[in-house]
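First to last, the sequence lines map onto chains A and B. Per the numbering used here, the first sequence starts with residue 1, numbered consecutively. Per the numbering used here, the second sequence starts with residue 1, numbered consecutively.
Treat the hints as calculated values from the structure; they're not laboratory data. One thing to keep in mind: the hints can contain errors.
[Said to hold, decoys possible] Distance condition first, Cα-Cα at most 27 angstroms in a straight line; then the derived DSS-like pairs of lysine-lysine:
(1) A:Lys78 x A:Lys123
(2) B:Lys100 x A:Lys274
(3) A:Lys226 x A:Lys274
(4) A:Lys307 x A:Lys123
(5) A:Lys274 x A:Lys307
(6) A:Lys328 x A:Lys226
(7) A:Lys123 x A:Lys274
(8) B:Lys100 x A:Lys328
(9) A:Lys35 x A:Lys123
(10) A:Lys97 x A:Lys307
(11) A:Lys274 x B:Lys92
(12) A:Lys328 x B:Lys92
[Unchecked claim] Derived list of chain A stretches under chain B, where covered just means 3 residues or more per stretch with a C-beta under 8 angstroms from a C-beta of chain B:
(13) 267-277
(14) 297-303
(15) 325-331
(16) 335-343
[Stated by the list, open to error] Here are the computed distance ranges between Cβ atoms for each label pair:
(17) A:Gly286 x B:Leu97: 26 to 32 angstroms
(18) A:Ile121 x B:Ala72: 33 to 39 angstroms
(19) B:Gly60 x A:Ala308: 44 to 50 angstroms
(20) A:Ile121 x B:Tyr34: 52 to 58 angstroms
(21) B:Ser69 x A:Glu83: 48 to 54 angstroms
(22) B:Asp32 x A:Lys226: 39 to 45 angstroms
(23) A:Val193 x B:Thr42: 55 to 61 angstroms
(24) B:Ala72 x A:Asn26: 54 to 60 angstroms
(25) A:Arg327 x B:Gly111: 46 to 52 angstroms
Ideal Cβ positions, reconstructed from N, Cα and C, are used throughout, including at glycine.
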Amino acid sequence: MAAYSRLTPLFIVTGFLGSGKTTLLNRMLRHPALKDAAVLVNEFGDVGLDHFLVEKMDENTVLLESGCLCCTIRDDLKQAIIELDGKRERGEVPRYKRMIIETTGLADPSPIIFTLNSDIIIKHHYRLGSIITTVDAVNGLAQLKRHGESVKQASVADRIVLTKTDIAPPDDAERLRTKLERLNPSAEMIEAVDGEVDVKRLLRADIYDARTKGAEVRRWLAAEEKSANEPGHRHDVNRHDEHIYTFTLTFDAPLDWTAFGIWLTMLLHAHGEKVLRVKGILNVKGVAAPVIINGVQHVVHPPIHLKAWPDEDRRSRIVFIVDYIDRKLIERSLAAFNAAALAA
Amino acid sequence: MCALCGVLMDGPHWTEAGTDAGRSDDAPAGRDRYLERDYRITLINDVLGHYGCSAREWAGNQYIVQNASGGASEVVVNLPQVWQAMENITRKLADPLDAKLIGRLEARAAGPE
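With the sequences and hints as input, model every part of the structure.
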C-alpha cells in the first residue's frame with residue numbers, strides 16, 4: 001500500500017444550514033488547484049455542473065444494530081467513493097487527485113469519518129485531507145447554543161470558514177470567533193469576505209501531508225498556546241453546551257506508547273460518543289521525535305510521526321473536546337495508566 | 001459503547017503499529033513486534049485483573065480474553081475488541097474513568113509499602 005501521505009486526500013466540507021457551505025464549495029471548485037478534484041454532493045443543483053466530475057450520493061445510511069450513532073456507515077458515501085475509484089482505475093473518468101465530499105447541513109460529521117475509516121478499499125487509496133466547516137457569523141452564535149450538530153461540526157474542523165462577516169454585527173462576529181477558538185483552538189480560522197475565500201489556505205498544509213505536517217503542527221500548537229493563555233479560558237464555556245468544553249492535558253515526562261493505546265482505546269470504548277475530539281502531540285518514551293494523535297469520537301486516525309520537534313517544548317500536549325466528562329478524571333486516569341506501565 | 005468499532009477495522013490497529021504507525025513515511029524504528037505484544041499483554045492484564053479476567057497471546061496476532069475462573073473466553077484481534085470481550089464475559093463495564101480501577105493502577109505504580 002502507498003505511504004499514507006501519497007493516498008488521494010479527501011476534503012470534507014460541512015456546515016450548518018445556511019452557513020454558506022454550497023457557496024464555498026462553488027468558490028473552491030473555480031480554483032485551478034481543484035480543477036482535477038472529484039466532488040460528491042447531496043444534490044446536483046448544489047454545485048456548478050460544468051465542473052468536470054460531480055457525483056451525487058443517494059441517501060442511504062446503514063445504522064448498525066448494536067453500534068452507536070457515530071459508528072454509522074454511510075453506505076451511499078462508501079459506494080460512491082468505491083465506484084468512482086473503480087472508474088478512475090479503469091480510465092473511465094479522469095485521474096482526479098483530490099476528492100471533496102459535501103455533507104448535508106444537519107450532518108453529524110462523525111459517521112462520514114467512521115465510514116472513511118471502515119472500508120478496506122477506501123483506506124488503501126484515500127486518506128483524510130482536512131475537514132472544512134463553514135460557520136455563519138450572523139446565526140452562528142445561536143446555532144452553537146441550540147444545535148449539537150453545529151458544535152460537533154466545529155469541533156472536528158481542521159479549517160473553519162467564517163462566512164457573512166461583512167453583514168454580521170462586528171461584536172457578534174468577534175464573539176463567535178472567540179467561542180470557536182476556545183472550542184477548537186487547533187482549527188485554522190479563515191474569513192470568507194464577500195463570498196471570496198483563500199482556497200489555497202483551505203487545501204494546503206494538512207496534517208497528513210508529509211511535506212507540510214511539521215508546519216501545520218507548529219501552527220496548531222501556537223494557536224493552542226495563545227488560547228490557553230487568554231484570561232478566563234478555562235471558565236468561559238459556551239452556554240448551550242456548557243457541558244461541551246475543551247481542555248488541554250500536559251505531561252512533562254514522556255508517555256508510554258503502549259499504555260497510551262490501552263488507555264485511549266478503553267476511553268473511547270466507554271465514552272467515545274462523548275469524546276468529540278482528541279488531538280495531541282506526544283513525547284513517546286524511547287522515541288526521539290514526536291507522535292501526533294488525532295481522533296474524532298470512536299475513530300482514531302493513523303498516528304503521524306514528525307521528523308523533529310517543532311520547537312524546544314518537549315511536553316506532550318493533548319487537546320480534548322468532551323461532552324459531560326470530568327477533565328480531572330481523564331487526567332488522573334491517563335496519569336495512572338502511564339505510571340502503572342512505567343512501574344511494570 | 002460501540003461494539004463494532006473494533007470489528008470493522010482491518011489491518012493492524014493503530015495501537016499495534018507500534019511507534020511506526022504502519023503507514024507513516026518517516027517513522028522511527030519501533031520496538032520488536034513480539035516484545036511489544038508481550039509488554040502490551042502485561043499492561044492489559046493490569047487492567048483486566050481488576051475485572052477478574054485476563055488476556056493471553058494467541059496465534060501471533062490475536063488475544064484470548066478469559067474469565068479468571070477459566071470459564072468463558074473469547075478470541076479477539078485488537079484492543080477495542082478486548083474491552084468488548086471483557087464486558088461480554090464479566091458483565092462489567094470497561095471504563096478507565098472508574099475510580100477504583102484508577103486507584104488500583106496508582107497503587108501499583110506506587111509499589112509495595
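(request) Would you list, in rising numerical order, the hints stated earlier that this structure does not obey? (result) When the structure is compared with the hints, numbers 5, 19, 20, 25 turn out to be violated.
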